[in-house]
Amino acid sequence: MADAIPLPNAEAVLAQARDGDVAALEELYRAFETPVYNLARRICRTSEDAEDVMQETFFEVCRNLRQYRGEGSLWGWIRTVAASKALMRLRRNKYRDTDELEDEAHQGPRSDHGLRMDLEAALERLPEISRAVVWLHDVEGYTHEEIAGMMGRTVSFSKSQLARAHTRLRRWLGEETLV
Amino acid sequence: MTHIDLDTLVRLREPGREPGQAEAEKHLAECEACRREADRLEQRVARLKALPTLKPSRDAWPAVHARLRAEHRVRTRRLATFGLAIAAGLALILLLHGASSSSKTLSPALTEAMARSGQLEQLLESYNSDGRITDGHTDGMAGALEDQIARIDRQLEMAQLLRARERDTALLNLYRERIGLLDALMDVHVTRASNVGL
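So the sequences go chain by chain: A and B.
Residue numbering for the first sequence follows our numbering, starting at 1 and increasing by one per position.
Residue numbering for the second sequence follows our numbering, starting at 1 and increasing by one per position.
Since the hints were made in silico from the structure, they are not lab data.
Think of the CB as a built atom: it goes at the ideal place given N, C-alpha and C, for glycine as much as any other residue.
Cut-off 16 Å, straight-line C-alpha distance, at most; resulting in silico cross-link-like pairs (EDC-like, lysine to aspartate or glutamate):
hint, chain 1, residue 1, chain 2, residue 2
1, B, Lys55, A, Glu51
2, A, Lys159, B, Glu14
3, B, Lys49, A, Glu124
4, B, Lys55, A, Asp49
5, B, Lys55, A, Glu48
6, B, Lys26, B, Asp5
7, B, Lys49, A, Glu120
8, A, Lys159, A, Glu146
9, A, Lys159, B, Glu18
10, B, Lys49, A, Asp118
11, A, Lys159, B, Asp7
12, A, Lys159, A, Glu145
13, B, Lys55, A, Glu120
14, A, Lys159, B, Asp5
15, B, Lys55, A, Asp52
16, B, Lys55, A, Glu33
Stretches of chain B that chain A covers, calculated by requiring three or more beta carbons in the stretch to come under 8 Å of a beta carbon on chain A:
hint, stretch
17, 40-51
18, 60-71
Take the sequences, apply the hints, and build the full model.
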């Protein structure tokens, strides 16, 4: 996702939105609704949760637009709000940290032998935290330090979740196993 | 020969140095199988980035806008409720103590101040009834004024308990202060509205 504001008259829209102009706020919403939803949906388990996260994100963005002082991109600021809200949603849904527990709880004990799926399905199948880490790190470009901060966990936790996610993706995608 | 495991390959992509990284990088440079594995990892990340963008099935803006308006109205109503409560409390005290009080009615100056305060509240209410969203700066100024008005309102409640002569003087002073704050709050909203051309 581009870091620039995808608006032709971005500065004017931003100034008007900061002054509480409803049309300008809606214009900001229209510009960022899809990337915000996409991020939320990649992290959350259901589309309903993702839509709730999107609503929460824009409510907070509209209320606190003055806090964005132009340091870094507007999308970067909105994206961090969205990521935090999505992770908060995961916590609210009482996710389980332990992958094995989650696997058993949702799908029962299983074997991955002979399993091969496309990337979309494999990503969806990852445990929530692993999926969030792989998306935030590999796609959105957050560092492990940033992810750890948002999740309230350690950097090594984020790193190990990323490695686990790739181990599983490689297996589920039917890619050759080296070791 | 021991190949690099995926965990190490993932960590090699990170900036900074970790224990054993130099050795792993040396192996990677020499081992074709590990380089293929590293390439697959990079390709997998590239494919993740290329996944289609998911789009919402519903338009969330009406809900966001409604929440913003609702929040704005709650604060406006809170102000009006304070004013009504004070006026009602004063009326009740006059009713209960009127017969024994030396003054059954309020002084003209106090009556006028209360009326003016009520008018300003109504004006503010009508000004905000369109649910316009207030920006953060205006919000801060308005919030500070509303806090001061709330402090005056608490003092007004206490002043109602004073004896008639002291009460009227205290109430008059407090109502005059309240009118000043309401005027200032009105100015904040008028200035904001003119700035955005409303």
